[in-house]
Amino acid sequence: MLTEKRKERLVKFCQDLIRIPSLSGQEKDVAQRLAEEMKALGYDKVEFDRYGNVMGTIVLGRGGRKILFEGHMDHVGISDISKWTVDPFGAEIRDGKIYGRGTTDMKGNLSAMVLAAAFVKEDLSGELDGEITVAGCVHEECFEGVASEEIAKITQPDCVVIGEPSGLTLKRGQRGRAEVVLETYGKNAHSSNPSVGINAIKKMNRALLAIEEGFTPKKHPILGEGILEVTDIISHPYPGASVVPDRCRCTFDRRLLEGEGKDEVLGQLEELLSKIERLDPQFRYKVSLAVGEDKCYTGEPIIAERFAPGWIFPEDHPFVAAALQGLRSVGQEPEISHYYFCTNGSYYAGKAGLPTVGFGGSLERLAHVDDEYIEIDHLQKACEGYFGITRGAFLAKEVK
Amino acid sequence: MLTSGRKEELVKLCSNLVRIPSLSGRERLLAAFVRDTMLSLGFDDVQIDYYGSVIGTMDFGKGPCLLFEAQLDHVDVGNPFQWHHYPFGGFIEDGKIYGRGATDQKGALAAMICAASFLKEDLFKELCGRLVVSATVCQEKFEGVSSMLVAEKYQPDFVVTGEASDLAIERGQRGRAEIVMEVTGKQAHSARPGYGVNAAALMARLVNFITDTFKPARDSFLGEGILELTSLISYPENATGIIPDSCRATFDRRLLPGETRADVLSQIENLLDEASKRIPFLNARAWISSSEYQCYTGATISGEHFAPAWLLPEDHPFVRSCLEGLARLNLKPRLADGAGFGTNGCYYGGVAGIPTVAFGPSKESLAHVSDEYIEVEEICMGCSGYYGIAAQVLSSRN
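Residue numbers (our numbering), protein chains in the order written: chain C, 2 to 401; chain F, 493 to 890.
Please keep in mind that the hints were generated in silico from the structure rather than gathered at the bench. Don't take every hint at face value.
Unchecked claim - Within a straight-line C-alpha distance of at most 16 angstroms, the following computed EDC-like cross-link-like pairs (lysine to aspartate or glutamate) qualify:
no.: 1; chain 1: C; residue 1: 188; chain 2: F; residue 2: 863
no.: 2; chain 1: F; residue 1: 499; chain 2: F; residue 2: 869
no.: 3; chain 1: C; residue 1: 401; chain 2: C; residue 2: 317
no.: 4; chain 1: C; residue 1: 276; chain 2: C; residue 2: 214
no.: 5; chain 1: C; residue 1: 13; chain 2: C; residue 2: 378
no.: 6; chain 1: C; residue 1: 188; chain 2: F; residue 2: 568
What the hints assert, rightly or not - So, partial list: chain C residues that the calculated Cβ filter (under 8 angstroms) puts toward chain F:
no.: 7; residue: 180
no.: 8; residue: 232
no.: 9; residue: 242
no.: 10; residue: 243
no.: 11; residue: 247
As the list claims (entries may be wrong) - Chain F stretches covered by chain C per the calculated footprint, using a threshold of three residues with CB under 8 angstroms from any CB of chain C:
no.: 12; segment: 561 to 573
no.: 13; segment: 673 to 686
no.: 14; segment: 699 to 711
no.: 15; segment: 717 to 723
Quick caveat: nothing in here was measured; it's all calculated off a predicted structure. Don't be surprised by glycine CBs; every beta carbon is placed ideally from N, CA and C.
Sequences are here, hints too, so could you generate the full structure?
In C-alpha cells, the structure reads:
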C-alpha cells in the first residue's frame, strides 16, 4: 500500500507540521497547513469550527458508516531549550527518526491519518461505502475532550480512532482525570495571638490526614487504581506576614475509572470531611472541580471543569474486533492494551459513549520529553494501520 | 488639654491616615501626607530617611531625646468579603473609626503627631530636649530593620512604641523569629505517585506532629513562646500532573527573654529529629528566614527575621516616669500585666538596650482582623497619654 512515493510524501508532510509551532491556543498556522494538505489530496469537504478545529471528510460510495480519526494539533512547550540537542522545530532526520516537539505527541500520527484517508480513497473507492473524517483538534494538552465535543457534534461519527502514540498497539481504554480542589476556611488573626483566629492550614492538615486514612481507591483489573494524589497546596494570604491564614487550597489529581462520575468523586471526599465537621464545629471547607479557562486562536474562550472520565471497552467489542481485523489486513499483529495517560477519548468514549480505540506510532513514554522523536518506521506503520482500521470498520457487520 | 477642637483635629487626622493605603513597601503617598501634616503642625524638622520612614522633631533645646514610634505600613486586607466596612473608608460609626490599620497603628500615629503639636503649643517653655515622632516603614515585613536606622540617626534615650496596649504601659515584649521548614520529596507523574515521594503529604504529617508535640515555654510575665503556622506552599507551584517534590511551611515563633537564635534553631532541629523517627521517608530541614524587600524609596531592606525579647523591671525610672505622665493627664496609670503582640520595640529594647515601653490606644485583638477599627475615645486617651508621657520625661524640672 505504502509506495516509496507515498512514504516520501508522509515524511515530508510530518516534517512540515513539526516546523510550524503550535502551542495550545496557537494552532492557527498548523490548522491552515492541514486544511491545505486535505484540499490538495482531494478531500470532499474541509471545514473549521468555532474553536478552530479542522475537519476534512472523504466520502466513499453511498451510505455506510462514519469513522472519525482524531489527533490534536497542539503540543506542550519547551521547558529548557538547553537540554535539547536538536532544533525542537527543525524536524531533522537522524538514524531513521524525525526529531522535534510534537513528533510523538502527536503531529506524526496526525499526518499519517490525513494521508491514510486519501490513500483509502485512491485505492479502495470502488469497494467501500462510508465517510472518513480526519480532525485536527485544538487545546488537548490541558482540556482533554473539550474541543472534541464540537468535532463530534459536527461530524456525528459512528466510531472513533484516537491517534495518540500507542507503540502500534491497539488501545481500548484509559483512566480519566479530574482535578479536585479542596479549600478550607479559617479566620484571620495576628499570629502572635493565634487563639482569636482559626488557622486554615491546620484545618487543611486535618482534612488531608482524614483523606489519607479514609480514602481507598477503587481498582479496575485492567486500568488500575482510581488514585487521589495531592499536586499543589498553598495558604492565603501567601506569604503571610504575621497573619494566621484564613484560607488554604489544595489540588488533587484524581485518576478516574470507568463509570466514576463527578458526584461520586466529590461525594467521597465530602463524606470523609463531614466526619471532621461533626467533631469540629470550626471546620469549614469546600470541595469542587477545578475550572480551566483559556482562549482558542479563533478568539473563542474554552472553559471547562477539569473532569475527563475514564473508559474501557471489552476486548471482544465489535469495534475493537473490527479495528484488530483491519490492522491484521495490513500485516500487523498488535497487542491490545490501554493508555496510561488521559486522551480526547474521555469525551468520545467516556462522555458520548461512542465506540473508540486508540492507535498510533511511537511510544507513550516519548511524549513531553526533550529531544522528542518518532521513528519513520513507526510513522509509516501508523499510516498503514489507519488504512487498515478504516477498511476493518467499513467492512465489519457492526461496530456498536 | 484635649479641647473639642483638638479632638476633632485628631479624629480627622486618623481618618485621613486610614484612607491612604500603605502596604509595606508602598507607603509613599502616606509618607508624603504625614510629612506635610507634621510640617503644618509645627514640627521643627521633618526628614524622610533612606528607607522612607518619616521622622519629625520637636526641639525643646538641650536635654534627653524621647522617641515615639509608630508604623506607617499595615497588613493586607485579606478576604474583602469578610469586611462589612470599606477597608480604606476611615468612616466613623458608633464612635469607631473603621479601616485597615486603624488599630495597627494609624490611630497611635495620629495621636502621637497631635500630642507633639499640642505639647509645643501648651508647654514649650517648660520642656527640654527633643521629642521625635517616627512613622516607620516596613514594620510588618521586618522586625526592627528600619527602626535601626532611626535609632542610629536620632540616638534616642527613651522609646515609646505605639502598639495597641489598651492604654497600659507594656514594659516588655516577646521577640519573634520566623522559621521555615522544608520537606523534600521526589517528583513523579501524578498518575504514578508510587514512583515518587509526595512532599505535601509528608508536610501534612510533619505539621501535625509539630502541632501536637511542641510545648511552648512560659514566662510568668510575657506569656508563651508560641510556634504558629502562617504559610504553606508546595513546589512546583500550580503544578498539575506532577507530585510536589518540595513543600515549605513558615512558622511564627514568639521569643521569651534570654532565648537566642541558637536556642531557637536547636529546639526545632530536635523536633525534626523526633519527627523523622515517626514519619517514614521524611527529609526535612529548618532555618530562620531572611528576606529582602524593596522600599518605596528604591532602597533594599534586608535581614534575618529574628528579634529578641526585652523586659524592663517594674521599678525602672523610665517606666515610673511614663506612669506619672499618664497620671498627670488623669489617665489611669496602669502597667500591662503581660506582653502584647508587637515586636516594634525589639530593636530598641532587645538589641540596642534603650529603655523602651509600648503604649497605645485600642486592643491588640483588633489588629490584623477584618472590620478593624479604633474607638474615638481610645485615640483621644492615647493622645493624652503620649502628651503626658512626653511632658513628664522632657520636663525641664527633671
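Comparing the hints with the structure gives:
With a C-alpha separation of about 12 angstroms, the suggested pairing of residue 188 of chain C with residue 863 of chain F holds against the 16 angstroms cut-off. The straight-line distance between the Cα atoms of residue 499 of chain F and residue 869 of chain F is roughly 9 angstroms, inside the 16 angstroms bound, and the hint therefore holds. For the proposed pair residue 401 of chain C and residue 317 of chain C, the alpha carbon gap of about 11 angstroms is at most 16 angstroms, so the pair holds. Restraint check: the Cα-Cα separation between residue 276 of chain C and residue 214 of chain C comes to about 12 angstroms, which is no more than 16 angstroms; the hinted pair holds.
Taking the CA atoms of residue 13 of chain C and residue 378 of chain C, the gap is about 14 angstroms. The hint holds against a cut of 16 angstroms. For the given pair, residue 188 of chain C sits about 14 angstroms from residue 568 of chain F by alpha-carbon distance, which is consistent with the 16 angstroms threshold. Annotation: interface hint on residue 180 of chain C holds; nearest CB of chain F at approximately 6 angstroms, less than 8 angstroms. Annotation: residue 232 of chain C was flagged as interfacial toward chain F, and the flag holds, the nearest CB pair being 5 angstroms apart, inside 8 angstroms.
Proximity of residue 242 of chain C to chain F holds as hinted, the smallest CB-CB distance being about 5 angstroms (cut-off 8 angstroms). A distance limit of 8 angstroms between C-beta atoms decides the matter here; for residue 243 of chain C the minimum to chain F is near 6 angstroms, and the interface restraint holds. Using the Cβ-Cβ criterion of 8 angstroms, the hint placing residue 247 of chain C at the interface with chain F is satisfied: the shortest such distance is roughly 6 angstroms. Residue count for the segment 561 to 573 of chain F with a Cβ under 8 angstroms from a Cβ of chain C: 4. That meets the three needed, and the coverage hint holds.
With a cut-off of 8 angstroms between beta carbons, the segment 673 to 686 of chain F has 4 residues touching chain C; three or more are needed, and the interface restraint holds. Figure legend: the segment 699 to 711 of chain F, annotated as covered by chain C; annotation consistent (3 residues with Cβ-Cβ distances under 8 angstroms, at least 3 required). Residue count for the segment 717 to 723 of chain F with a Cβ under 8 angstroms from a Cβ of chain C: 5. That meets the three needed, and the coverage hint holds.
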